[in-house]
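Enquirer: For the sequence shown, counting from 1, position 195 maps to 180 in this note's numbering; every step adds exactly one.
Calculated from the structure, these hints are not laboratory results. Note that CB positions come from ideal geometry on N, CA and C, so glycine has one too. A few of these clues could be false.
Capping the alpha-carbon separation at 27 Å, the derived lysine-lysine pairs in DSS-like fashion look like this [what the hints assert, rightly or not]:
#1 Lys77 <-> Lys24
#2 Lys24 <-> Lys159
#3 Lys122 <-> Lys159
#4 Lys253 <-> Lys24
#5 Lys77 <-> Lys159
#6 Lys253 <-> Lys122
Pairwise CB distance ranges, derived in the manner of DEER restraints [said to hold, decoys possible]:
#7 Ala68 <-> Met231: 40 to 50 Å
#8 Pro183 <-> Gly151: 44 to 54 Å
#9 Glu87 <-> Asn25: 39 to 49 Å
#10 Ile(-8) <-> Tyr73: 34 to 44 Å
#11 His258 <-> Ile57: 44 to 54 Å
#12 His91 <-> Ile210: 28 to 38 Å
#13 Trp152 <-> Leu75: 45 to 55 Å
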Amino acid sequence: MIGIRWIDFDHIPDRLSGLIDLSYNLWSSWHPEAWLLFKNLNRQGWKESIHNPVKMLQEIPQEILDTAASNIEYTNHYDAVIAKFQRYMLAKNQWFDEYYPEHQHHKIAYFSAEYGLQHSLPLYAGGLGFLAGDHLKECSDIGIPLVAIGFMYSDGYLHQRVRNDGWQEDIEEKLDRDNAPVKRVLNREGTQLILQVPYIIPQIHFALWRVDIGRVILYLIDTEIEQNPPHLRNISSRLYSSINEMRLLQEIVLGIGGTHALKSLGVKYSAIHLNEGHAAF
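Required output: the full structure, derived from the provided sequences and hints.
Expert: In structure tokens, the structure reads:
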């Protein structure tokens, strides 16, 4: 049986334990009352974490948590949000179920090179990514059966700032996977699942990470693992490589590797949607 794993939150009071599941589901990113639950808990920490609920909960001082757990105003807000989140996740008879009941079990496999979901996951460059992100959120809201595939970009896209002298400079920001709203996909032995892209030489291996967007699951391909030689680890390091050979490898891994990943996970789908041609392989 394939499972998932995330970091421990032993310091979270039982009264606020629902924050853990909520922090790992990006449902909170498009429900203001949910992200306000994190912001109101620790405004400075929320800002410094770049609105990353997992990182904020990991670093929050214990006294802030204990105070919030005994604050009636905060716990009332917490109870309302958690109840709404649980109703959402368990809801039946959504729009898709009502109008297309015969297709309830016909899952769509959605492939995209980028996803604009939330600031803490720099998996996007611009409009295409935000379109993909909105597709996943809307599919979750109306009940369209969909599973998505993309890349776990550790370096994200290009980050720049303007210096005091007026010149641009690049900013190196590495994504800390264990402090982000993503979960490791595990094999039956309880270790990180490692797969190999079929049909191609040289061999390319990859791990998988899972992102929950409401009721939709996004699997992210990660080639930065020890099973790959250094030059192949960079396939998933940065969005839209400027090196033609690397760009081609990205598209091969996304298309062929992505379909292999879904098969290995036991995901059956009836249709494939390609968000542009990046996964055409």
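Enquirer: Between the beta carbons of His91 and Ile210, is the distance compatible with 28 to 38 Å?
Expert: 33 Å, holds
Enquirer: Between Lys253 and Lys122, does the CA-CA distance stay at or below 27 Å?
Expert: Holds: Lys253 and Lys122 sit about 21 Å apart, inside 27 Å.
Enquirer: Quickly compare the C-alpha distance for Lys77 and Lys159 to 27 Å and report which way the hint goes.
Expert: Judged against 27 Å, a Cα distance of about 39 Å means the pair is violated.
Enquirer: Would you say the C-beta atoms of Ile(-8) and Tyr73 sit inside 34 to 44 Å of each other?
Expert: 24 Å, violated
Enquirer: Can you confirm whether the C-alpha distance between Lys253 and Lys24 stays at or below 27 Å?
Expert: Answer violated: Lys253 to Lys24 is near 38 Å, above 27 Å.
Enquirer: A range of 39 to 49 Å was offered for this pair. Does it hold for the Cβ distance of Glu87 and Asn25?
Expert: 44 Å Cβ-Cβ, so the 39 to 49 Å window holds.
Enquirer: Checking one constraint from the list: CA of Lys122 to CA of Lys159, max 27 Å. Satisfied?
Expert: OK: Lys122 and Lys159 at ~26 Å, within 27 Å.
Enquirer: Verify the proposed pairing of Lys24 with Lys159, using a straight-line Cα cut of 27 Å.
Expert: 24 Å, holds
Enquirer: Given the proposed pairing of Lys77 with Lys24, does the C-alpha separation stay at or below 27 Å?
Expert: 30 Å, violated
Enquirer: Taking the beta carbons of Pro183 and Gly151, is their distance inside 44 to 54 Å?
Expert: 50 Å, holds
Enquirer: Are His258 and Ile57 spaced within 44 to 54 Å by their CB atoms?
Expert: 47 Å, holds
Enquirer: Using the C-beta atoms of Trp152 and Leu75, is the stated range 45 to 55 Å upheld?
Expert: For Leu75 against Trp152, whose Cβ atoms are near 53 Å apart, the range 45 to 55 Å holds.
Checked against the numbered hints given earlier, this structure breaks hints 1, 4, 5 and 10; the rest are met.
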